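Number of protein chains: 4
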Amino acid sequence: MKQLKHTCARIAQHSLFTSIIIGLIIVNAILVGLETYPAILEKYATWMYRIDRFLLWTFTIEIVIRLIGSKSIGAFFREPWNVFDFIIVASGHLLVGSYYVTVLRILRVLRVLRAVSIIPSLRKMVNALLLTIPSMGTIMLLLGIFFYIYAVIGTMLYQDIAPEYFGTLHSSLLTLFQVITLESWASGVMRPILVADPSSWWYFVTFIVIGAFVIINLFVGVVVNNVEEASREETPSPTDIKLDEVQQELKELKKMLEDRS
Amino acid sequence: MKQLKHTCARIAQHSLFTSIIIGLIIVNAILVGLETYPAILEKYATWMYRIDRFLLWTFTIEIVIRLIGSKSIGAFFREPWNVFDFIIVASGHLLVGSYYVTVLRILRVLRVLRAVSIIPSLRKMVNALLLTIPSMGTIMLLLGIFFYIYAVIGTMLYQDIAPEYFGTLHSSLLTLFQVITLESWASGVMRPILVADPSSWWYFVTFIVIGAFVIINLFVGVVVNNVEEASREETPSPTDIKLDEVQQELKELKKMLEDRS
Amino acid sequence: MKQLKHTCARIAQHSLFTSIIIGLIIVNAILVGLETYPAILEKYATWMYRIDRFLLWTFTIEIVIRLIGSKSIGAFFREPWNVFDFIIVASGHLLVGSYYVTVLRILRVLRVLRAVSIIPSLRKMVNALLLTIPSMGTIMLLLGIFFYIYAVIGTMLYQDIAPEYFGTLHSSLLTLFQVITLESWASGVMRPILVADPSSWWYFVTFIVIGAFVIINLFVGVVVNNVEEASREETPSPTDIKLDEVQQELKELKKMLEDRS
Amino acid sequence: MKQLKHTCARIAQHSLFTSIIIGLIIVNAILVGLETYPAILEKYATWMYRIDRFLLWTFTIEIVIRLIGSKSIGAFFREPWNVFDFIIVASGHLLVGSYYVTVLRILRVLRVLRAVSIIPSLRKMVNALLLTIPSMGTIMLLLGIFFYIYAVIGTMLYQDIAPEYFGTLHSSLLTLFQVITLESWASGVMRPILVADPSSWWYFVTFIVIGAFVIINLFVGVVVNNVEEASREETPSPTDIKLDEVQQELKELKKMLEDRS
Numbered sequence: 000m001k002q003l004k005h006t007c008a009r010i011a012q013h014s015l016f017t018s019i020i021i022g023l024i025i026v027n028a029i030l031v032g033l034e035t036y037p038a039i040l041e042k043y044a045t046w047m048y049r050i051d052r053f054l055l056w057t058f059t060i061e062i063v064i065r066l067i068g069s070k071s072i073g074a075f076f077r078e079p080w081n082v083f084d085f086i087i088v089a090s091g092h093l094l095v096g097s098y099y100v101t102v103l104r105i106l107r108v109l110r111v112l113r114a115v116s117i118i119p120s121l122r123k124m125v126n127a128l129l130l131t132i133p134s135m136g137t138i139m140l141l142l143g144i145f146f147y148i149y150a151v152i153g154t155m156l157y158q159d160i161a162p163e164y165f166g167t168l169h170s171s172l173l174t175l176f177q178v179i180t181l182e183s184w185a186s187g188v189m190r191p192i193l194v195a196d197p198s199s200w201w202y203f204v205t206f207i208v209i210g211a212f213v214i215i216n217l218f219v220g221v222v223v224n225n226v227e228e229a230s231r232e233e234t235p236s237p238t239d240i241k242l243d244e245v246q247q248e249l250k251e252l253k254k255m256l257e258d259r260s
Numbered sequence: 000m001k002q003l004k005h006t007c008a009r010i011a012q013h014s015l016f017t018s019i020i021i022g023l024i025i026v027n028a029i030l031v032g033l034e035t036y037p038a039i040l041e042k043y044a045t046w047m048y049r050i051d052r053f054l055l056w057t058f059t060i061e062i063v064i065r066l067i068g069s070k071s072i073g074a075f076f077r078e079p080w081n082v083f084d085f086i087i088v089a090s091g092h093l094l095v096g097s098y099y100v101t102v103l104r105i106l107r108v109l110r111v112l113r114a115v116s117i118i119p120s121l122r123k124m125v126n127a128l129l130l131t132i133p134s135m136g137t138i139m140l141l142l143g144i145f146f147y148i149y150a151v152i153g154t155m156l157y158q159d160i161a162p163e164y165f166g167t168l169h170s171s172l173l174t175l176f177q178v179i180t181l182e183s184w185a186s187g188v189m190r191p192i193l194v195a196d197p198s199s200w201w202y203f204v205t206f207i208v209i210g211a212f213v214i215i216n217l218f219v220g221v222v223v224n225n226v227e228e229a230s231r232e233e234t235p236s237p238t239d240i241k242l243d244e245v246q247q248e249l250k251e252l253k254k255m256l257e258d259r260s
Numbered sequence: 000m001k002q003l004k005h006t007c008a009r010i011a012q013h014s015l016f017t018s019i020i021i022g023l024i025i026v027n028a029i030l031v032g033l034e035t036y037p038a039i040l041e042k043y044a045t046w047m048y049r050i051d052r053f054l055l056w057t058f059t060i061e062i063v064i065r066l067i068g069s070k071s072i073g074a075f076f077r078e079p080w081n082v083f084d085f086i087i088v089a090s091g092h093l094l095v096g097s098y099y100v101t102v103l104r105i106l107r108v109l110r111v112l113r114a115v116s117i118i119p120s121l122r123k124m125v126n127a128l129l130l131t132i133p134s135m136g137t138i139m140l141l142l143g144i145f146f147y148i149y150a151v152i153g154t155m156l157y158q159d160i161a162p163e164y165f166g167t168l169h170s171s172l173l174t175l176f177q178v179i180t181l182e183s184w185a186s187g188v189m190r191p192i193l194v195a196d197p198s199s200w201w202y203f204v205t206f207i208v209i210g211a212f213v214i215i216n217l218f219v220g221v222v223v224n225n226v227e228e229a230s231r232e233e234t235p236s237p238t239d240i241k242l243d244e245v246q247q248e249l250k251e252l253k254k255m256l257e258d259r260s
Numbered sequence: 000m001k002q003l004k005h006t007c008a009r010i011a012q013h014s015l016f017t018s019i020i021i022g023l024i025i026v027n028a029i030l031v032g033l034e035t036y037p038a039i040l041e042k043y044a045t046w047m048y049r050i051d052r053f054l055l056w057t058f059t060i061e062i063v064i065r066l067i068g069s070k071s072i073g074a075f076f077r078e079p080w081n082v083f084d085f086i087i088v089a090s091g092h093l094l095v096g097s098y099y100v101t102v103l104r105i106l107r108v109l110r111v112l113r114a115v116s117i118i119p120s121l122r123k124m125v126n127a128l129l130l131t132i133p134s135m136g137t138i139m140l141l142l143g144i145f146f147y148i149y150a151v152i153g154t155m156l157y158q159d160i161a162p163e164y165f166g167t168l169h170s171s172l173l174t175l176f177q178v179i180t181l182e183s184w185a186s187g188v189m190r191p192i193l194v195a196d197p198s199s200w201w202y203f204v205t206f207i208v209i210g211a212f213v214i215i216n217l218f219v220g221v222v223v224n225n226v227e228e229a230s231r232e233e234t235p236s237p238t239d240i241k242l243d244e245v246q247q248e249l250k251e252l253k254k255m256l257e258d259r260s
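Residue numbers (numbering that gives the first Met the number 0), protein chains in the order written: chain A, 0 to 260; chain B, 0 to 260; chain C, 0 to 260; chain D, 0 to 260.
Excised from the complex, chain A in its bound form (with noise of 0.2 Å):
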């Protein structure tokens, strides 16, 4: 048993091992590509779905070692990328009598994402990404009451005006995400509007003022902070490394004045 884990923890940490499950990686997402082809869907669909088949099971293989290779079940699953893949790859084999739905194709898809689990890099990157969140949720929460009480009145004053855009509340939510991204906002939202309510610019001038002011000094002050800190905790900088030596050679003459008394 022991020697069973040992092997499946030298399987695991082998780059031949990460290479091939890359490779796979690749094979799928080729697949899922080529599968959006009707023709080609259509002409080969046997085949796809062994070729589709071999790779779950080879997934399913790849994590049963790491599984075991890992010092506890425990430390296997407490790592969020383990669950993320695990979560993959048995739901391929939960869902597998109803093949030819979208939801299973979409989780299909979704295996490409292993990539990200796979090769360090990524997984670094979207590490640091997703660490970057808890320190956006006060800002979040902030624009979603912003949201939120310009989408009730949007929805109160404009209703009737423009029930393509502010019909209900959630309608205005949506078309509020419209014009905070600046798309169409004043050809296609606002000017139709004005035309019924002349007074109507207030609405949208302050939303996109108030939304940029605050989304551009949040979100750019959260990053910057990010990125300044990511770079002050990689390298100290010149001036930390001579300030050691200073303190280094301030030992040293106390040193030497203690000795001399």
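Keep in mind the hints are simulated off the structure, nothing from the lab.
Everything numeric in this text was worked out from a predicted model, so none of it was measured.
Keep in mind that a hint or two might mislead.
No copy is singled out in the list; a pair is fine if it fits within one copy or between any two copies.
[Unchecked claim] No farther apart than 27 Å at their CA atoms in a straight line, the calculated lysine-lysine pairs in the DSSO-like style are these: (1) Lys4 - Lys241; (2) Lys1 - Lys250; (3) Lys241 - Lys253; (4) Lys1 - Lys70; (5) Lys70 - Lys123; (6) Lys254 - Lys70; (7) Lys70 - Lys4; (8) Lys241 - Lys70; (9) Lys42 - Lys1; (10) Lys254 - Lys241; (11) Lys42 - Lys241; (12) Lys250 - Lys4; (13) Lys123 - Lys1.
Given the structure of chain A, go ahead and fit chains B, C and D onto it with the hints provided.
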């Protein structure tokens, strides 16, 4: 009297008190959201009116408790957020007769903003945002002059060619705001004018280039400045900590030398 | 003569003098704004002409006072803002015969820009902005070459397919400016061309990717650089202040050692 | 032979030589610009052909001179810009038979890019830009995976609803590029699909939010990093200069102490 003051202060600072108010604000938010659906509003109009009345009186009691619990009435109203809370709630009482009027309903939506004054992290963030406004005074003045000059020139030149965009000074300013957000500036605004006046491109191109240049340069400047300031104030850098140690060691050395002489 | 010079210098530096000029510039701004309304212009044409004449002569007197009050005529005209003021006012006199001509009216709008030369904070900000222009010389040259090459290729390839966008080199440059602002680049410009030439997507995608990359990389670079420089110049950092103290203490230590030996 | 090498090296480094080449590149640029006007091209076709031939041979001689003047042929071609110059000029000779073919004409437009290899400041700037590309390798891979997954899902879901946008994997990728630039993403792409599939908003909103987040976070990160690195390398900060002085003084102190003991 002093006893009451003390009790109120303790209630106001209790976390349960804050939690209840946050909960009621959420109820208020859901209520104004539901009211945007005409079917629901019609059916439950009486109930909604009652809940709204209840919420308004609860918020009134809350403010009275916090007012009594504060050091003095002056100290309470010196905090702008308290003034904001007071106005939002008081206006609900003053305008109570005209319950179904739109202005009143918008005021009730704004009660959701009270979440900002209640939740400390939101309050801190909004305060930080508001603090950046004064530093943008000069840029706003410059942008104002820039917009005004272009609006006057635009109205003079294109008043007859494109009355829907440059008909009056007011609509020119709105159009220029649309142009600076780059929304349909070419396809919607410039190209139709270009047909009548082939040299009009300089008006739009210079406006966008200068406008983008000024806005990016100054806006980013202000934002980066604020971010830097914020990060500087929060924690002393490792460099500064080391320098403090160096200064400490130098003092010790000096003392050693002084003791010996 | 010297007495006059001295008096003029004192007047020119008086805050009331500046305030009056700012007030007159605001009157001038309101005047050109009102003139854009044909109804008002028609009714009060004579009055507006008179006020305009009065403003022009007041500005003339103002510049003469400042000219006499300056150290020498050469020193006065060495300051670019004075040259700007002089041209704006002098052109008003030279072109006086053709009062209703558009060019003249635009010149009168530009008098509002005198606010920048009069208000110190605006002047300082615009000076800072103009100083960043030389540092962008190389990037502008690079962008120019980049735009020119794409405009020539675009004209060559799509001259016949989309004459309204790529008919001549000049219109291609304008279209590329539209594309780099991302305005209707796909829906308006690319998709119609894509129908006739299915491989034309590479032209637009590469242009946007390279253009955005170059502009962001260099523009942000210049801006950040300027911001950093500005914040560096303003105040010595706390680190530098501490280092100065360390150097001072080291000098004292050295002196103590020297005194003893 | 050595004499010739020496003469060529001196010519190649002479500023007049560079000026002439820059002048000829400008002539070449004007020429390809004029050729886009069919009327001019038709009338002066022979002359333009002759000037083009002359320019090509002058550039050939220039490269031969620089090749002979360089230390060795290997050293010459180790510099990528020389390889670029060589290919641009050599291809002009190889494809000479098919003068009027579009590919050839585009190659002649690209000769304008030689300005980058000749003007040192442009060369330095482009080199700096190209150096930032490797550091964006991981982000490009991540963006690629992200685009691919969304393109496959989009094709699967909206192939029949919106064939012009999501008909094939290839057109889906182009549409997603359009969506990430925020161009007509709502008015042109999403809203028509929304009519047929009311739940499709999640596809676009998540794509834009994740895409914008990833791109801003990483792109800005890379840019800021590069800017910081650049400014760090250029000049030692005043802090570092002072620290050097402190270290110098400490050494002197130590020596004084050593001398005395």
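Hint check:
Taking identical chains as interchangeable, the C-alpha atoms of Lys4 and Lys241 are never at most 27 Å apart, the minima being 48 Å within one chain and 48 Å between chains. In this homomeric assembly, Lys1 and Lys250 never come within 27 Å of each other (Cα to Cα): the closest approach is 52 Å inside a single copy and 60 Å across copies. For a Cα distance limit of 27 Å, the shortest separation of Lys241 from Lys253 qualifies both inside one copy, at 18 Å, and across copies, at 17 Å. For the homomeric pair Lys1 and Lys70, the shortest alpha-carbon distance inside one copy (11 Å) is at most 27 Å, but the shortest distance between copies (64 Å) is not.
Only within a single protomer do Lys70 and Lys123 lie at most 27 Å apart by alpha-carbon distance; the minimum there is 22 Å, versus 45 Å between protomers. Taking CA atoms no more than 27 Å apart as the test, Lys254 paired with Lys70 passes in neither setting, with 49 Å inside one copy and 56 Å between copies. Taking the closest pair of Cα atoms, Lys70 and Lys4 come within 27 Å of each other only inside a single copy of the chain (9 Å); across copies the shortest separation is 61 Å, beyond that limit. For the homomeric pair Lys241 and Lys70, neither the shortest alpha-carbon distance inside one copy (43 Å) nor that between copies (41 Å) is at most 27 Å.
For a Cα distance limit of 27 Å, the shortest separation of Lys42 from Lys1 qualifies neither inside one copy, at 48 Å, nor across copies, at 69 Å. In this assembly of identical chains, the alpha carbons of Lys254 and Lys241 lie at most 27 Å apart whether taken from the same copy (20 Å) or from different copies (19 Å). Taking the shortest Cα distances, Lys42 and Lys241 never come within 27 Å of each other, neither inside one copy (69 Å) nor across copies (71 Å). With identical chains, the CA atoms of Lys250 and Lys4 are never at most 27 Å apart, being 51 Å at best within one copy and 58 Å at best between copies.
Proximity of Lys123 to Lys1 under the C-alpha cut-off of 27 Å is found in neither arrangement, the shortest distances being 31 Å within a copy and 56 Å between copies.
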